[in-house]
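Colleague: The residues making up each chain are set out below.
2 protein chains.
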Amino acid sequence: MELWYTQPQTDNIRFSIKVKEELFSGKSPYQQINIFDSDEMGRFLIIDGIVMLTSKDEFIYHDMIVHVPMATNPDVKKVLVIGGGDGGTVRELTRYAGIEKIDMVEIDRMVVEACQKYLPLTASKLNDKRVQLHFENGMEFVRRSKEKYDLIIVDSTDPIGPGEGLFTMEFYKCCFNLLSEDGILVNQCESPFYEKNAKEMRKAVKKIKSLFPISKVYQYNMPTYPSGHWLFGFASKKYDPIKDFKPEKWEALGLETKYYNTDVHIGSFMLPTYVRKMVENPE
Amino acid sequence: MELWYTQPQTDNIRFSIKVKEELFSGKSPYQQINIFDSDEMGRFLIIDGIVMLTSKDEFIYHDMIVHVPMATNPDVKKVLVIGGGDGGTVRELTRYAGIEKIDMVEIDRMVVEACQKYLPLTASKLNDKRVQLHFENGMEFVRRSKEKYDLIIVDSTDPIGPGEGLFTMEFYKCCFNLLSEDGILVNQCESPFYEKNAKEMRKAVKKIKSLFPISKVYQYNMPTYPSGHWLFGFASKKYDPIKDFKPEKWEALGLETKYYNTDVHIGSFMLPTYVRKMVENPE
Numbered sequence: 003m004e005l006w007y008t009q010p011q012t013d014n015i016r017f018s019i020k021v022k023e024e025l026f027s028g029k030s031p032y033q034q035i036n037i038f039d040s041d042e043m044g045r046f047l048i049i050d051g052i053v054m055l056t057s058k059d060e061f062i063y064h065d066m067i068v069h070v071p072m073a074t075n076p077d078v079k080k081v082l083v084i085g086g087g088d089g090g091t092v093r094e095l096t097r098y099a100g101i102e103k104i105d106m107v108e109i110d111r112m113v114v115e116a117c118q119k120y121l122p123l124t125a126s127k128l129n130d131k132r133v134q135l136h137f138e139n140g141m142e143f144v145r146r147s148k149e150k151y152d153l154i155i156v157d158s159t160d161p162i163g164p165g166e167g168l169f170t171m172e173f174y175k176c177c178f179n180l181l182s183e184d185g186i187l188v189n190q191c192e193s194p195f196y197e198k199n200a201k202e203m204r205k206a207v208k209k210i211k212s213l214f215p216i217s218k219v220y221q222y223n224m225p226t227y228p229s230g231h232w233l234f235g236f237a238s239k240k241y242d243p244i245k246d247f248k249p250e251k252w253e254a255l256g257l258e259t260k261y262y263n264t265d266v267h268i269g270s271f272m273l274p275t276y277v278r279k280m281v282e283n284p285e
Numbered sequence: 003m004e005l006w007y008t009q010p011q012t013d014n015i016r017f018s019i020k021v022k023e024e025l026f027s028g029k030s031p032y033q034q035i036n037i038f039d040s041d042e043m044g045r046f047l048i049i050d051g052i053v054m055l056t057s058k059d060e061f062i063y064h065d066m067i068v069h070v071p072m073a074t075n076p077d078v079k080k081v082l083v084i085g086g087g088d089g090g091t092v093r094e095l096t097r098y099a100g101i102e103k104i105d106m107v108e109i110d111r112m113v114v115e116a117c118q119k120y121l122p123l124t125a126s127k128l129n130d131k132r133v134q135l136h137f138e139n140g141m142e143f144v145r146r147s148k149e150k151y152d153l154i155i156v157d158s159t160d161p162i163g164p165g166e167g168l169f170t171m172e173f174y175k176c177c178f179n180l181l182s183e184d185g186i187l188v189n190q191c192e193s194p195f196y197e198k199n200a201k202e203m204r205k206a207v208k209k210i211k212s213l214f215p216i217s218k219v220y221q222y223n224m225p226t227y228p229s230g231h232w233l234f235g236f237a238s239k240k241y242d243p244i245k246d247f248k249p250e251k252w253e254a255l256g257l258e259t260k261y262y263n264t265d266v267h268i269g270s271f272m273l274p275t276y277v278r279k280m281v282e283n284p285e
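Going down the list, the sequences are from chains X and R. Residues in the first sequence are numbered from 3 upward in steps of one, following my numbering. Residues in the second sequence are numbered from 3 upward in steps of one, following my numbering.
Heads up, some of the hints might be wrong.
The list treats identical chains as one, so a pair stands whether inside a single copy or across any two.
[What the hints assert, rightly or not] EDC-like mimics (lysine to aspartate or glutamate), calculated; alpha carbons at most 16 Å apart, straight line:
1) 198 with 42
2) 58 with 197
3) 205 with 172
4) 279 with 258
5) 260 with 282
6) 20 with 4
7) 279 with 265
8) 22 with 41
9) 198 with 41
10) 80 with 115
11) 119 with 24
For the record, the hints were derived by calculation from the structure and aren't laboratory data. Just so it is clear, the structure is predicted and the values come from calculations on it, not from any experiment.
Please put together the full structure from these sequences, using the hints given.
Modeller: In structure tokens, the structure reads:
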């Protein structure tokens, strides 16, 4: 017997991974969660039918969501992570000795528990002393919180289902208010290639640009996401990720990374012309 | 009825495009050629079951295979293209008024004729006055030729079937000998991500590095190729694609491009750490 997981990346494009076995299947109050094992991609997490991460390429996503803002401002002390239930973002953050506190707000406890059991590769640092887990709606958390953060990372699903609120103007406004005077916001920002993803990307960019003095988009290659060309938004009150970037400061930390390096940092902001145009005119 | 084209990108990964209709199917002495039409990717060319190009993303491949070397040395006058039967590489080359002669060597006349009929988007410039088509084996052409070229572009299929000879030491040596003193070689160089592609990439890089004083690899995002993370090799006798790059010289030409720009040029050489390591130690 052959078992294949298939994701319709658009109505007309399908991506499939041959499965060795299903390790977990659960329906939480929020979403359908599956974890499979495979020869090609190792263990992988599916939420509502969509690839969230695979063991083989998650290093790319987590390197880029964490090290780009942290290398822009290595003095970050307090971090808020919205989403990121698999723990990969927190894992990379905990490598910085200078970070004192990480609040992680994940709506779905089942995601975290399933990943702790079946994806220890990403979830193993969720018990770091500096990490506080909050199982609640990210929108409600940022509306209520009175903390100040140096960095907010929105490690969300697509803007469908529980992730939808994390793409709204109100959410970005609350993030702005929770950020310190030199705070940075990084958000999962979809892709420029397929129309459906590009539309969501443009909507998010338009909102964030209207709020932050510095708003950019950076790219990376994510093999298991539709088209493989994926983006993060970088918004900031003070630091420009290129002009204020001091590669030697990050390199002095001695962190080993498989995807990120200080050249990739710079190159990731060098967008193809068609993407640059979308970001400049996101209407 | 639904018709889907499916490519096994590895033994365990499949990529599928929903097909509107088949426009062409032919078996040449060298390979099986199919052209389909689709809603998502427009018309697309399949050779021996593998995506060669789709109308939606071919601009990325052709921008990067042509404009990176041409922007490194905008004074190129004589070009040799090996492969590239779809005509996209020649199309981009013909936009440079300074190019005086383009020899294109394609083993398979049926590919060219099918593309001229069904893919005029890429094949329309093959009748440019400066272009001379040679329907023969690329290996034999470079072994025999006594010309000198400023640029050789190896726009080949994977190193299986008729493309195999274009990944050999003898082929690269012949290319070296055909290049002028400031000549540049660009070659389709597979991908770092899936093991099978990465192995071929390392083998090609190792051979080319042993011959050329300057040998680099640059990357681009190609949604319909396995993993979407694809590479070209850049080898040269004189010009470094970064140190000798004069963006303003290329910009003065006023060419409009959808993917390439002078920032992307620089960023494309900024490789992720794991790719950099493969290129530095291709054993």
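Colleague: Hints first: check each against the structure and report whether it holds.
Modeller: Structure-based check of each hint:
no., hint, result
1, 198 with 42, "between (28 Å within a copy, 11 Å between copies)"
2, 58 with 197, "between (27 Å within a copy, 12 Å between copies)"
3, 205 with 172, "within (13 Å within a copy, 52 Å between copies)"
4, 279 with 258, "between (34 Å within a copy, 13 Å between copies)"
5, 260 with 282, "between (31 Å within a copy, 14 Å between copies)"
6, 20 with 4, "within (7 Å within a copy, 22 Å between copies)"
7, 279 with 265, "between (23 Å within a copy, 14 Å between copies)"
8, 22 with 41, "within (7 Å within a copy, 33 Å between copies)"
9, 198 with 41, "between (30 Å within a copy, 14 Å between copies)"
10, 80 with 115, "neither (24 Å within a copy, 62 Å between copies)"
11, 119 with 24, "within (14 Å within a copy, 47 Å between copies)"
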